[in-house]
Structures are given as structure tokens and as C-alpha cells.
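The chain contents come next:
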Amino acid sequence: MSLNRRNFLKLTGGAAVLGAAGTAEARPNKEPSPDAVGMLYDATICIGCKACMAGCKEANDMPIDSNLAEPGQPPIWDTPVDISDKTLNIIKVYKQGAAEVKDREFNGFSFIKRHCMHCVDASCISVCPVNAMRKNPVTGVVTYHPEVCIGCRYCAFACPFNVPAYEFEKPLGQIRKCQFCDHRLKQGQLPGCVEHCPTGASLFGSRTQILEEARRRLSMRPGEEYEYPMQTVDSPHKHVATVKQYQNHIYGEKEGGGTQVMMLAAVPYEKLGLPNLPEKSAASRSETVQHAVYRGFMAPTLLLIFLLYITSKTVRREQHEEERKQLEEE
Amino acid sequence: MSRPQPLGGPIWTKPFTVFAVFAAIGLTLIAIRFIYGLGAITNMSNGYPMGLWIVFDLVIGTAFACGGYALAITVYIANRWEYHDLVRPALMTSVFGYTLGGIAVLLDLGRYWNAYNIFLPWQVNPNSVMLELAVCVLLYIGVLWLEFLPTLLEKLGFKKGLHFVNHLLFVFIALGVWLPTMHQSSMGSMLIALGTKISPLWQTDLLPLLFLLSALIMGFSVVIFEGALSAMGFWKPMETPLFIRLARIIRWVLAAFLIIRLSDLIGRGYFGLAFNGDLRGNMFLLETALFALPLYILASYKHRENRQMLFIAASSMLFAGIVLRFNAFLVGFSPRPGYVYFPAATEIMVSIGMISLEILAFLYFVKRFPVLSFGEHQTKTAQ
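Protein chains in written order, with my numbering: chain B, 1 to 330; chain A, 1 to 383.
One chain only, chain A, in its complex shape (with noise of 0.2 Å):
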């Protein structure tokens, strides 16, 4: 096993400015919504009274960010130390991916002023899933810092607070399992109380496991993606071996999510639904197609061992969990009658900016501490 390396290299690349860019148009957008309210920038209404902030920012957004989860669960809870290089560059992912999500719930909510209230424990609501989420992801964004402290004080040499940290490492990390579990899971349970609200398609009991699943598909498979990405950004080797074997893993959480997902809709006599034709059952259909692609293409051995391959059932993966959240909660949505939405093009560039800052955080991160391992030759040649 190789150590995490940073990478080098200037900081201020023609990437890096595009995304500050963004990002600046990003938080000006966002100063004009705390100056005139949340009409002023989006599309949101008493129709659609949740919108693209939350649906992508944070059911999606955290649910991408769930590299560190899944990687968790692998290496420290099945005790596979093989993955143990992928880790530190998932959760890093995870920090920024939750962190942001959890900004964008503060962008979100229409008095943040009273945010506070969630930690009372006389005023809070424990029926409320809500709350849940509140909590939970709160507390997970604490956990992943922590969890992050070490690459943080490796790199800056306190050598006193790395030793504690490490110390106590085993409990953040039991969180850093725990929390995800629960509110990944409560993600879908939101979606319950709205009973007939939501389509047929969508809505069952079930929600919470599908939700949970699902959300360590897309973890397993934005490692992949990401460091497919990143082995093409920094002209690094890719991990293929590594890849395959998590590919392996993944197999069997998409094949049960497919089973459970398919017979309880059959068992609970909907599934004629998808085949109405009309946009509900087309983007079930787009659903189910996109979690079915990447089942067949790990079910071969010939397919995993092709990097393309690999590369693109990592990211069918992904958009399967993606259209998911949308077709969950807004596509199956029934809005208030006569109500439509589509965000706002301002609405669009906060959460662009958003995930501009994000990969912005990435760039400087990898280049500036001890993130990112390669193949053993690689770290060689470069030290």
C-alpha cells in the first residue's frame, strides 16, 4: 500500500478561475436571497413548496457524497484494508458534499433565525422525520471534519492533536456509519407522510431501505467515478484492480435493491403503472433501466475487468439514484392543482456555484495535503 501523497502543482489553473466564477455568481445570487426573500431568486411556490435546493442539493448532493460511507462500511466494518487508499479521497468528497448540503438546507430555510430550535429538546418534534434529518446530518457534516482531521494535521505537523485524534479515530468512524444509516434512510421516510401526494410509483413503506440502498449504490459508485475522473484529470494511473472488486460488492446491493423495489411494487399492484405511457411511467421505466444497466454489465466478468465498462455502469449507477430522488420527489409529486415547476435559472447558478466551490475545495485540497494515493510505482517516481 502506497500513502496518500499531495499532489503539487499550482493552484490557480484555468479550471480552478471557471469555477471561481461560478462560484462568485453563486454567492452574489445568494446575498440577493437573504436580501429579498426566496421569491426573489426561485421558482419555489405553495404549489411546489420544496424545490431544487433541497431535491438536488441536499437529498442528491449528500447521497453523492456517500463515498465515505460506503468505504466505511467496507474497509472498517467488513475489515477489507485492501480499500483503505480510497478512503481518505472519498471522504473528502463526503466533507464537502454533506457540508454543502447543509448550507443549502440553511439557504432553504425561510427562517433560519429560529434554526436553532432543532437542538431544544422541549420544543422539538421527535414524530417529525424531519427533525431526524435536521440532526443527523448535522451532526454527520461534525463527524466527517473529524474524520478528515488527520489528513488536516498530517500536513500541518501537529503531531500532539494527530495522536489523539487518531486515537478516538474509531469512534468517529462508528458515527460516521451510524449517522449515514439513519438519515439516508430518513430521506425516503419523508416522503411517507405525504401519502397520496406522491405517485403509487414512489410511494411505500419501503421508501427508507430503498433509499438507504440506494444511497450506498451511488456511494460504491461515485469512488469509482471519481477516481476515474481524477486519474484522467492528474494523468495518474487508475485503480482498476481495487475498482473490480468494489464492482463485485456492488453487485449484490444492486441486485437486491432491484428485487425488493420491483416486488413491492408488483406486490402492492402498481407496477401496471409504469407502462401508461405518460411521464410518471417513462421515468420509472428510465429508473429501473439505469439501476438493470449496470446489473447486467457486473454481472460478467469480462465486462469489470474492462475500464470503460466499469466507468460506465459507475455512472448509470449514478444517475439511477439520482432520477430516483427526482422522480420521488418531484416528478411524483402532486403539486397543488394548476402549479408547475422548474427552477429558476438563478435557482440553477446557486447550486452551480455550490458545487463550484465544492470542486474548488477538491482542487486545492488534493494538490495541498495528503489526500490522494496512486499506484505504488507512481509515489515511487514522484518522491
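Only chain B is shown next, with the shape it has when bound in the complex (with noise of 0.2 Å):
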């Protein structure tokens, strides 16, 4: 291929796209509110009750859930057996061996609270194609909108907690997914699950209060008595109960670029079904790679440009030719 002008111009042009692809710099994670809600789920003190799961039902007016009802009959039942799009909220149980003694790993027990973590740098708003997962900028809650919502579910492929859950049932479904009360905390209550926890194990703050008081009991030590707070982070009801030997680590802290809802347990956190992920949010790295190809649209604009010059030229030329050749013929 010799160096004529028409080579020269490709060259230069595949150049000048990749040139262009090549400046974007790498988007880091988001980071917290100030101001941002927080959620501590101590597995330690959760006495497996579920009266946070009735909690959620009624302040979010969700169906029975319910998998034991007899055929033609209304179900009795509240019986999910993971979140769904009936079930924005669960404590699950893990179980090992004998299952004898709470909060131990083997032959013990241990309950686990799952609902959305309201990720500080969530995937599924950064893969929503119309913005219908939002995240409120001073409490830092992840909300979804319906009225706008294409029902593409990409949100429940991307989240690293399977969170988002569709109506499948239903021929006009939505997504359905834990809102932390948002509605209740407009109007200065606590979220369902937090307000009829009668333990403290759902203890709402804000995120920083949350990540302090997590970090006070983990420097505690094992078979020391704590005032645990209920509700808030600042309340002035205890519930007094002996400390457990708590993983030394917050889960929620740093995971996926950070959590608002944040736990603490005694059994490590993948035997809860907690998923262990990277500090950097899979938002950033796959907008680090989008923007590298589309920011400001300068290589897709380059690359089109391109293109248009070159089939200016190749395709016209052959469609002058063919009318002569058609001329000659008639």
C-alpha cells in the first residue's frame, strides 16, 4: 500500500478516532452524601422475629407472599423465601451442622437481614437508560420511578445484591425494590423495618453516625455488656446484651465503592450471602469505559465524519460508473 493521498487521509483519520478515544480519563467512585441516611444491621442482636419483615409489608402496603396456600384459597401465610417483587425485605437464617449456638460458624447459626443497600455508587442507576432508579442527593436513597420506567430490567442484571425485582405475574408490572421508606422519611418517620425492630438490630443514623457506632463495637470485647440503642443511633432506649465476637470488618464500608446500609455479624459475611466485592463500584469501571469511547461524542463525530468522507467518494464514484455503463448499453 503505497502512501497516496487517499491512504494518508485514512490513516490519519483511524488516528485521530483512536486519539480521541485514548484521552478520557478513568471516572472514580462516587462518594457519600454528608448528609446521607444510614441503615446498621447487627446480626448479633437480631433475634430472627420478622417483625421488621410485617413492618415493611405494611408501610409499603405489599401482598402476602405465600407459597402454602391451599388451590382456590386466598393465601394465610406470609411465607417468602428470598426479596421479590412481593417482598422488598427478609431475614434469612444460616444454618450449619447442628445449628446449636447463635452467631457461631460451625454447628451454629446466624440470621441475616437482606433488602437494597442503597449503594453509594449504584449499578443500577448507573445502567438505567431513562433515569428511573434516582438516588435523592442529600439522603443518598435509591428511588424508583415507574412513570418512566422501560421495564428493560438491566437494573436487576447489574446489581451486585439482585435487589430489583420485576412483576413478571403481571402484565403491567414494575420493578419493585426496597425504597428505605422514603415516603415515611419525608414525612419525619422511620423506615417500617426500623421502627418495629424491637432489638436495635435495624438501628437508623446517618451514615456517619452508622459507620461510628459500627466501629465502637468492634473495638469492643467479646462477653462485655453494651447498651445497644433501638431505632436511632442516638436514642435514649437500650437494650442491654452481651457483645459477640463480630467479624472485624463493616460490610457495607467499602464494598462496591460503599453502601448506606451497612452490617455486622459473627459468621463471615459470603456464609450470610453477602457477595464479596472489589472497592471499585462496577459503575465506575463501566463508565470509565463508556466515557472513553463517547465523551463529548468526539470519536463517534470523528469516526462519522470519517466514514462520510470515504463513502463521499468510493460509493459515488461506482454510482457514476454504473449510469455510464447504462447510457452506453441503452
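Derived by calculation from the structure, the hints in this document are not laboratory data. Treat the hints with care, since some could be wrong.
Stated by the list, open to error - Straight-line C-alpha distance at most 25 Å; calculated BS3-like pairs for lysine-lysine: (1) B:86 <-> B:186; (2) B:30 <-> B:254; (3) A:367 <-> B:313; (4) B:271 <-> B:92; (5) B:30 <-> B:271; (6) B:313 <-> A:14; (7) B:280 <-> B:102; (8) B:50 <-> B:271; (9) B:325 <-> A:160; (10) B:325 <-> A:159; (11) B:325 <-> A:155; (12) B:254 <-> B:271; (13) B:30 <-> B:92; (14) B:254 <-> B:280; (15) B:95 <-> B:50.
Please assemble the complex out of the two chains, which come individually in their own frames, going by the hints.
Structure representation (C-alpha cells):
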């Protein structure tokens, strides 16, 4: 290939496109809002009463989720097995061997609460094509907006905690997920699950307060007595309990760029079904790649100009030749 | 070069009837989906929120339909006009393949009546790969129909319209190369946001490049594959010399793909996963073997000359692209614990119905519209 004018243009055009694509910078993890709300779930003081689940159903007007109904009869018991489009919050149990002692990994058991973690840098928000998932700029609560949602379920596909759930059984279904009882927060109320928790296992506060409280608990010696606050971190109502041997890690402080719901437990988090996530959020990785190619739409624009230039030459020349041939034939 | 001719002959043949039955079953099931919801005819769940329709009909289907894209690059950008005869049939499969991919997405959308929101600038999220994908695929469907328009106008005899469309054809062709470059790579980018939910065998920042290159490979292969099938089905000679030269181009794309794929995997330190002996490792090995086999076949001049070998190489590359996409989206995907997914019979029947519709349209158009051109000698006797 000799370096004539056209080849030169092709080369420079291609190089310009590649150059424009290569200049974008990596997008770092998003930072939590200073006023972000938070929730701490401490598995060691959870008694598995599921009052939080009932509270959640009531606060969010969710239906009974049952697999025990007699055919043709309405269900009596709420018996969900996982979070779903009918159940936004669930207490699950970990059991090993004889399951004799609570908060022990071997021959023990533990509870774990699962619902939306309200990620600081949420994948569902990053991937939603129409901004149907939004993060409140102040509280950081991740809310869902069915009026614009197209139902592509990319949020459910991408969520590292598998939280958003689509109503597959309905002809006009929508996505369901825990929204931190955003409607109650706005009225100065607590989330339904927190309000109904009798031991303070689900605890509300700002994300900063929650982190402080979690660090305090990790610094305590197992066997010590501690006055666990109920409902809110700064509540005067306390519940005295013995401190267990915590895993020396606050789940949610850094996971996937950090979450606003955080967990403490005595059993390794992976055994409780919480995924082991890198500190770099998947959303930041995805957006870095996407912006490398599409920032300012520079690279695509250059590519299109380059393509138009080439086709305007090649296609038109060929068309002229064909017209000439046709004329000759006639 | 020969001019494309309608093949003629009756439309309602036996195969046509069979495909029409499948299409009718598919359309009935689609009606059920809209009346009772997605759960009524699919096995999708909140463990596997995306299923066969997205992975097969959209991601694989449109890669299959990249023949028009691959040839547009070869003919109009690289200026190789000897392949021009192959453009029309390739373009036609692209038109139907992409149109059906678009329809599959509409069936799959859980809130399809809100779909217009992707066109509202104040509503969209530019960070979303899905947005770029949706807009690009929809625009490309439009562009493909415009590129295909000369074929329709020629037959219908709209001289004025034909002249106008031909005048602007270079714009449609440039867009027709531009849009697939963006959205075929985005099909891969889509998975980056899933992070650790995708096995490291497939999760890499190079996914967009790998998906783009493999879409090109599939595009070239489908041209050879369909050329061979058309030649067999309609009893016409195959354009072997052209295919042999096309195979020479594919070799380079194939080699580039394999080098990038393997060096990336080794560089990230996950190559060992391939030999774990589990489903993922084995599926990766199968995928890589399907990409490597045609490279071996096409490396030899003797094999490239051989029709059967050429057909085997093309089929292998198509399967390689399919397996890569199934692996990345389903095999390498870690669902919500405890969930399994295998598409429901009804879900599969919808996909089969859609493909049948595509084949029906292909059969009708090649018989009534000037799409296919076979060897010089054949066309003369046909006239």
C-alpha cells in the first residue's frame, strides 16, 4: 500500500479517532453525600422475629407472598423465601451442622437481613437508560420511578445484591425494591423495618453515625455488656446485651464503592450470602470504559466524518460508472 | 459483474408452509405474553432477569445480521468492489435480522408503553450502555431499510425515488458502518457494569472490542454460510472465488481476536480458570476451539480452495460467536443464589417463530425482488 493521498487520509482519520478515544480519564467511585442516611443491621442482636418484615409489608402496602396457599384459597401465611416483587425485606437464616449456638460459624446459626443496600455508587442508577432509578442528592436514598421505567430489567441484571425485582406475573408489571421508606422519611418517620425492630438490630442514623457506631462495636471485647440503642443511633432507649465475637469488618463500608446499609455479624459475610465485592464500584468501571469511547461524542463524530468522506468518494464514483455503463448499453 | 435478479417461482412451497406454521405459533404466544405478562410464557425470574429473547434474539441475532456491516466495510470503505454482488443478499438478512432483534426487545420490555422515554433528551441517562444500545439499534434498523430501499424501488419502478435515494446512498452507507461499530461493541460493554456477577473468563474492559471483532467475524461468516445455503437451496452455482478471497480477510480479524482474547486473559491472571474442568472452563475451551479451528483451516491455501472446508470454517466461526455470547451473558453469569434458568418451551417457540418470520420474508423477497445475483453465465441463461 503506497502512501498516496487517500491512504494517508485513512491513516490520519483512524489515528484521530483512536486518539480522541484514548484521552478520557478514569471515573473514580462516587462519594457519599455528607447528609446521607444510613442503616446498621447487627446480626448478633437480631432475634429472627421478622417483625421488620411485617413492618415493611405494612409500610409499603405489599401483598402476602405465600407458597402455602390451598388451591383456590387465598393465602393465609406470609412465607417468602427471598426478596422478590412481593417482598422488599427478608430475614434469612444461616445454619451449619447441628446449628446449636447463635452467631457461631460451625455447628451454629445466624440471621441476616436482606434488602436494597442503597449503594453510594449504585449500578442500577448507572445502567438505567431513562433515569428511572435515582439517588436523592441529600439522603442518598435510591428510589424507583415507574412512570418512566421501560422495564428492561438491566437494573436487576446489574445489581450486585440482586435486589430490583420485576413483576413477571403481571401484564403491566413494574420493578419493586426497598426505597428506604422514602415516603416515611419525608414525613419524619422511620423506615418500617427499623420502627418495628424490638432489639435495635435494624438501626437508623446518618451514614457517618452508623459507621461510628459500627466501629465502636468492633472495638469492644466479646463478653462485655453493651447498651445497644434502639431505632436510632442517638436514641435514649437502650437494650442491654452481651457483645459477641464480631467479624472484624464492617460490611458495606467499602464494598462496591460503599453502601448506606451496613452489616455487622459474627459469621463470615460470604456465608451469610453477602457477595465479596471489590472496592472499585462496577458503575465506575463501566462508565470509565463508556466515557473513554463516548466522551463529548468526539470519537464517534470523527469516525462518522471519516466514514462520510470515504463513502462520498467510493459510492459516488461507482454510481457514476454504473450510470455511464447504462447509457452505453442504451 | 452480474445484475441482481428476482428468482421467480411459486411462493407457497412446502418449506414456506412449515415456516408459516411456526411463525403463527410464535405470534399466538406473543399475544399471550401481552395479555398475561412475561411470566406466563417465559422462565425468566428475578434470578435471571434477562433470558433467551435478549441473549439469542437481540445479542446473537443482530451479530448474525452483521453481514451487511462486514460487507459495507469491505466494499465501500476498503473500496473492494469485487464483493459488491454479495452486498444485497447480506443487506437483506441484516434488515430482517435487526428488525426482528428490535421486535424481540419490544416483546421483552416489561413496560413497553414507556419505551418512548429513550428518545427524550431530558429523560435519558447518557451513562447507560443500554441507552446507547437501544438508540443505535433502532436508528440502524431505519438505516438498513433505507439502504435496502433501492432494491424495493427498483422493482416497483419508482425511478424518481430511486434517483433521490441513490443520491443520498453514501450517507446511509456511512451511517450503516458507524452505528453497528457503536452498538455491537456496546453489547459487550453492557456486561462491564455487572462486575463480579460475570466470571473473570468473560469479564474484561476489553469486552466492547471483543464483541465488535467477533461481530465482524460473524458478519463475514454469515455471508459465506448463506451464500452456500442459497446456492444449494436454489440450485445455483456458489460464488466460491469471491468467498475464498473473503476468507483471506477473515483470517486477519480472527487472528487479532484470538491474540487479544488470550493475552488479555493471561495478563489478568485468569487463564487457569479455563482448565478447572467445570462448566465455565469447558465452555470457554469450546468457544476458543471454535475460533481457533477456522483459523487453522483458513491458514492453508489448499483448504481455502475447498468448498466444504470453507463452509466448515464459516459454520465454526458462527458457532464461536454464538457460544461467546451465550457464555458471557448466561454461562459466565452468577445469578441470585439458588436460581437456575432454562428457557421455557413457549419462550423458545417465540424465538423460533421470529426466525421463521425472517426466513419467510427472505424467501419472498429473493423470489420477487432483485436481490440475488449468481455467476455471470447463469444470469445470461436465465434472461
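Consistency of the hints with the structure:
1. Of the supplied pair hints, the one linking residue 86 of chain B and residue 186 of chain B holds, its CA atoms being roughly 23 Å apart against a limit of 25 Å.
2. With a CA separation close to 12 Å, the supplied pair residue 30 of chain B and residue 254 of chain B stays within the 25 Å bound.
3. A hinted pair counts as satisfied when its Cα atoms are at most 25 Å apart, and residue 367 of chain A with residue 313 of chain B does not qualify at roughly 33 Å.
4. Among the hinted pairs, residue 271 of chain B with residue 92 of chain B is consistent with the structure: their alpha-carbon atoms are about 12 Å apart, no more than 25 Å.
5. Only pairs whose Cα atoms come within 25 Å are accepted, and residue 30 of chain B paired with residue 271 of chain B is rejected, the gap being roughly 28 Å.
6. A threshold of 25 Å between alpha carbons decides the hint, and for residue 313 of chain B with residue 14 of chain A the separation of about 46 Å lies outside it, so the pair is violated.
7. For the proposed pair residue 280 of chain B and residue 102 of chain B, the alpha carbon gap of about 33 Å is over 25 Å, so the pair is violated.
8. Between the alpha carbons of residue 50 of chain B and residue 271 of chain B the distance comes to roughly 20 Å, so the proposed pair stays at or under 25 Å and holds.
9. Proposed proximity of residue 325 of chain B and residue 160 of chain A is supported: the alpha carbons are some 19 Å apart, at most 25 Å.
10. For the given pair, residue 325 of chain B sits about 17 Å from residue 159 of chain A by alpha-carbon distance, which is consistent with the 25 Å threshold.
11. In summary, the hint linking residue 325 of chain B to residue 155 of chain A is supported, as the alpha carbons are separated by about 20 Å, within the 25 Å threshold.
12. Using a Cα cut-off of 25 Å, the hinted pair residue 254 of chain B and residue 271 of chain B holds, with the two alpha carbons roughly 18 Å apart.
13. Proposed proximity of residue 30 of chain B and residue 92 of chain B is contradicted: the alpha carbons are some 30 Å apart, above 25 Å.
14. The straight-line distance between the Cα atoms of residue 254 of chain B and residue 280 of chain B is roughly 8 Å, inside the 25 Å bound, and the hint therefore holds.
15. Only pairs whose Cα atoms come within 25 Å are accepted, and residue 95 of chain B paired with residue 50 of chain B is accepted, the gap being roughly 17 Å.
Hint violations for this structure: numbers 3, 5, 6, 7, 13, all remaining hints satisfied.
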